[in-house]
Amino acid sequence: MQTRPVTPRRPPAPFPERGADGTPPGGSISDAAAGRPAPRGPRDSVLPGQRPLPTSEDPRTESGGRIPPPPPPPPSGPANRFAPRNWRVRTRLVVLVIVPLVATIVGATARRRQGREPVQPRANLGHAANLLWMVEGKEPDPDKVRLVDTYLVLLADHGLNASTFAARVVASTGSDLTSCVVGAIAALKGPAHGGATLAARTMLDKIGSADNAEKWLTEAHARHERFSGFGHRVYRTYDPRAKILRELAKTASPELYETAARTEEVALRILHEAHPDRPNATNVDFWASVVLTGAGIPKELFTTLFATSRVAGWTAHVLESLSDLRLIRPASRWVGPEPGKKPMQLAKR
Amino acid sequence: MSSTYVPGLEGVVASQTAISMVDGQNGRLVYQGYVIADLAEQLSFEEVAFLLWEGRLPSRAELDALSLELAGHRSLTQAANIALDALPKDTDPMDVLRSVVSVQGVEHRLARPTVPMAIHATASFPTILALFQRRQLGLEPVKPRPELGHAANYLWMMNGKEASPETVHALNTYLVLLADHGMNASTFAARVIASTESDLTSALVGAIGALKGPAHGGAPSAVIEQLEQIGTAENAENWMRAARQRKQKFMGFGHRVYRVYDPRAKILKEMCRRMNPTFYELATKVEEVALSILHEEHPERPQSTNVEFYSAGVLQAIGLPKEYFTPTFATARVAGWSAHVLEQAANNRIIRPQSEYIGPEPRRPVPLSERA
Chain X
1 MQTRPVTPRR PPAPFPERGA DGTPPGGSIS DAAAGRPAPR GPRDSVLPGQ
51 RPLPTSEDPR TESGGRIPPP PPPPPSGPAN RFAPRNWRVR TRLVVLVIVP
101 LVATIVGATA RRRQGREPVQ PRANLGHAAN LLWMVEGKEP DPDKVRLVDT
151 YLVLLADHGL NASTFAARVV ASTGSDLTSC VVGAIAALKG PAHGGATLAA
201 RTMLDKIGSA DNAEKWLTEA HARHERFSGF GHRVYRTYDP RAKILRELAK
251 TASPELYETA ARTEEVALRI LHEAHPDRPN ATNVDFWASV VLTGAGIPKE
301 LFTTLFATSR VAGWTAHVLE SLSDLRLIRP ASRWVGPEPG KKPMQLAKR
Chain F
1 MSSTYVPGLE GVVASQTAIS MVDGQNGRLV YQGYVIADLA EQLSFEEVAF
51 LLWEGRLPSR AELDALSLEL AGHRSLTQAA NIALDALPKD TDPMDVLRSV
101 VSVQGVEHRL ARPTVPMAIH ATASFPTILA LFQRRQLGLE PVKPRPELGH
151 AANYLWMMNG KEASPETVHA LNTYLVLLAD HGMNASTFAA RVIASTESDL
201 TSALVGAIGA LKGPAHGGAP SAVIEQLEQI GTAENAENWM RAARQRKQKF
251 MGFGHRVYRV YDPRAKILKE MCRRMNPTFY ELATKVEEVA LSILHEEHPE
301 RPQSTNVEFY SAGVLQAIGL PKEYFTPTFA TARVAGWSAH VLEQAANNRI
351 IRPQSEYIGP EPRRPVPLSE RA
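Same order as they appear, the protein sequences are chains X and F.
Residue 206 in the working numbering sits at position 206 of the first sequence, and the numbers go up by one each step.
Residue 120 in the working numbering sits at position 120 of the second sequence, and the numbers go up by one each step.
Incorrect hints may appear among the rest.
Keeping only pairs whose Cα atoms sit at most 25 Å apart, straight-line, the calculated DSS-like set for lysine-lysine is [unchecked claim]:
(1) X:Lys342 to F:Lys266
(2) F:Lys89 to F:Lys322
(3) F:Lys143 to X:Lys342
(4) X:Lys144 to X:Lys215
(5) F:Lys285 to F:Lys143
(6) X:Lys341 to F:Lys266
(7) F:Lys285 to F:Lys247
(8) X:Lys299 to X:Lys342
(9) F:Lys285 to F:Lys249
Across the chosen pairs, the derived CB separations fall in these ranges [to be verified]:
(10) F:Glu41 to X:Arg236: 15 to 23 Å
(11) X:Arg116 to F:Arg246: 51 to 59 Å
(12) F:Gly55 to X:Asp157: 34 to 42 Å
(13) X:Lys299 to F:Tyr357: 29 to 37 Å
(14) F:Ala346 to X:Lys243: 35 to 43 Å
(15) F:Pro321 to X:His275: 51 to 59 Å
(16) F:Gly359 to X:Gly137: 33 to 41 Å
(17) F:Leu68 to X:Glu265: 53 to 61 Å
(18) X:Asp157 to F:Leu368: 17 to 25 Å
(19) F:Lys143 to X:Pro254: 58 to 66 Å
(20) F:Glu140 to X:Leu346: 35 to 43 Å
(21) F:Leu68 to X:Glu225: 55 to 63 Å
(22) F:Leu68 to X:Lys299: 39 to 47 Å
(23) X:Pro254 to F:Leu68: 33 to 41 Å
Derived from the structure by calculation, the hints contain no laboratory data.
Every residue, glycine too, gets a C-beta built ideally from N, C-alpha and C.
Please take these sequences and the hints and turn them into a complete structure.
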């Protein structure tokens, strides 16, 4: 995308001093953070059911002290109900709940997959370090923290991709932030979007070794199989994120790097031969799969890591859209039958 | 490639579809070639859902098979029951639907959307809402009854008693009328999600989130609230002029596409007259005043009553609590959403629009220690 001469940016929508229900001011993020407890702990009811789910009305009363201090009301808590104006007031606060919450859910999911108890988030760790802590349950290795942190930064936003666009379509109806983020997660899940990192790793696993790349890719191409981790709607050159991740991948996971580098070389050659007209470049998912492997993230969690990063961008886009909320309702072209035929009675069909 | 920014994508063709067409100029809504007025009070919701999914009306045998399949999938999974019970009682029923539909569908993982999945999802909506409403009221859950049709069973599970044939007919008509409506925001959200090759449940969950917004499906309860504030037909003129002074919006008016009276509103208005005379008396007066004020303000705009205005009166007459108006909208629209997801998946290309960057020129980050 080319940069245009910059027109002054519209100032963000003003946030009222206090919500109708007496919620604290929602001005800046630092204001919002100052008056609240560490917001990482999810409500019990959102922790994947590592034990019978509470049945009492307020699930927080059953936390049994294992989950840290009662967190603030969650994004879709009562204060948000039927309150189209109110949810805007709370949005900045809600961002501070929902962003760390995604990491906590990922951590708890990882532990549960291993048949272990979730560990508590730690307030003295940064976001990436805490994520690793909650996934592994041991003091995070600084090198791995650096890998995860870089990954989180690189994937945090990326223009109007499908999940971000889904979030903005949901936001455009005046819905709440949780609904926007849930819609975005739903879109990110697709293999043509966020699921591509796992697909790339799965392909690398099938290839197995650098020596096997030529044979495997040639055969896959003959079967008209799509190479995972190549091609992008927007980039016409090497994805700048892929470049950085490729460099990190060398030391993050040397063995997988070797397979991946050879795979990239062969894949690009095959793709170029098949479509000399197309700019076929390696995409971010390809190298992200190697870096996340090096960081010790189980591959089934790759897409959730993507969400952990991108939730920052999604929420930023929703906040941005609030300053000029307009329903996104495109048109469609009718390709169905000529209107006006009369329905035949059931008995005669 | 077009590079013009069109706010709200108004008039931008985002898809080709054979499911439904909104003919705004002539006030026609068309499902697969049939005009809504020919379907609305004649066909069951099940027949219309089949039409949306399969592109043709079912034979008797096909309709029986569909009814059986729907009836056989009205129960929730264990995980969905647990999720439903874990939600606080004062949760917005739209959030209940969004969350429990999500849990109900986890077993499908990334499966390619199919008609049976669409049937199963459609079958689960009334159950989720009825179970939650009864829990809110502290009542025992009511088991679904396989011999009842979709609309009748919804009311049965909600109320624990059989509804009158007129009430069932009214709900059925409402479900048929609201089952699809071109490329509206929630349907478009579902298609964007499906375009990444994500699963049907994910697309439905995103659509529910979009429908929840007051600019889309979240308004019918607001119509009732506004009418309650107005109170009487005599008070309408004064109240509404005063409301306009305060820049307050009239609920239930205006639509992006229709340039004439919404054909669904027409049918619902007539149903209101029969079923809910109190509402009808006040609502018609409010409509008259609202349209005249809106016309004075914007003579150039085609201001007309939208589907939500008289929906409110019909749903009230059916006996649904107003918090369940939008979820009942979702119960109808799930048929359309899933039809669109199937259509998108059949001929897919990722929906990834462009954006116009209006931020700062590329610049270098200042190290943390040097920042003010």
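Each hint, compared with the structure:
Restraint check for X:Lys342 and F:Lys266: satisfied, since their Cα atoms lie roughly 19 Å apart, inside the 25 Å limit. Taking the CA atoms of F:Lys89 and F:Lys322, the gap is about 16 Å. The hint holds against a cut of 25 Å. Between F:Lys143 and X:Lys342, the direct Cα distance comes to roughly 37 Å. Violation of the 25 Å bound is thereby established for this hinted pair. Of the pairs offered as hints, the one joining X:Lys144 and X:Lys215 is violated, with about 33 Å between alpha carbons and a cut-off of 25 Å exceeded.
Between F:Lys285 and F:Lys143 the alpha-carbon distance is near 42 Å, which puts this suggested pair outside the 25 Å criterion. Taking the CA atoms of X:Lys341 and F:Lys266, the gap is about 20 Å. The hint holds against a cut of 25 Å. About 20 Å separates the Cα atoms of F:Lys285 and F:Lys247, which keeps this hinted pair within 25 Å; it holds. Restraint check for X:Lys299 and X:Lys342: not satisfied, since their Cα atoms lie roughly 54 Å apart, outside the 25 Å limit.
Distance check on the hinted pair: F:Lys285 and F:Lys249 sit about 17 Å apart at the alpha-carbon level, within 25 Å; holds. Taking the beta carbon of each, F:Glu41 and X:Arg236 are about 55 Å apart, not inside 15 to 23 Å as hinted. Checked against the given bound of 51 to 59 Å, the beta carbons of X:Arg116 and F:Arg246, roughly 57 Å apart, stay inside it. At roughly 40 Å, the beta carbons of F:Gly55 and X:Asp157 sit within the given window of 34 to 42 Å.
For the pair X:Lys299 and F:Tyr357, the supplied restraint of 29 to 37 Å holds, since their beta-carbon distance comes to about 34 Å. In this structure the supplied range 35 to 43 Å holds for F:Ala346 paired with X:Lys243, their Cβ-Cβ distance being about 37 Å. The given range of 51 to 59 Å is respected by F:Pro321 and X:His275, whose C-beta atoms sit roughly 58 Å from each other. For the pair F:Gly359 and X:Gly137, the supplied restraint of 33 to 41 Å holds, since their beta-carbon distance comes to about 40 Å.
Between F:Leu68 and X:Glu265 the CB atoms are about 56 Å apart, so this pair conforms to the stated range of 53 to 61 Å. Evaluation of the 17 to 25 Å hint for X:Asp157 and F:Leu368 yields a pass: the beta carbon distance comes to about 20 Å. At roughly 60 Å, the beta carbons of F:Lys143 and X:Pro254 sit within the given window of 58 to 66 Å. The hinted window of 35 to 43 Å between F:Glu140 and X:Leu346 holds, with their beta carbons roughly 36 Å apart.
Between F:Leu68 and X:Glu225 the CB atoms are about 39 Å apart, so this pair departs from the stated range of 55 to 63 Å. Roughly 41 Å separates the CB atoms of F:Leu68 and X:Lys299, a value that falls within the hinted 39 to 47 Å. Our hint of 33 to 41 Å for X:Pro254 and F:Leu68 is violated, since their Cβ atoms are close to 58 Å apart.
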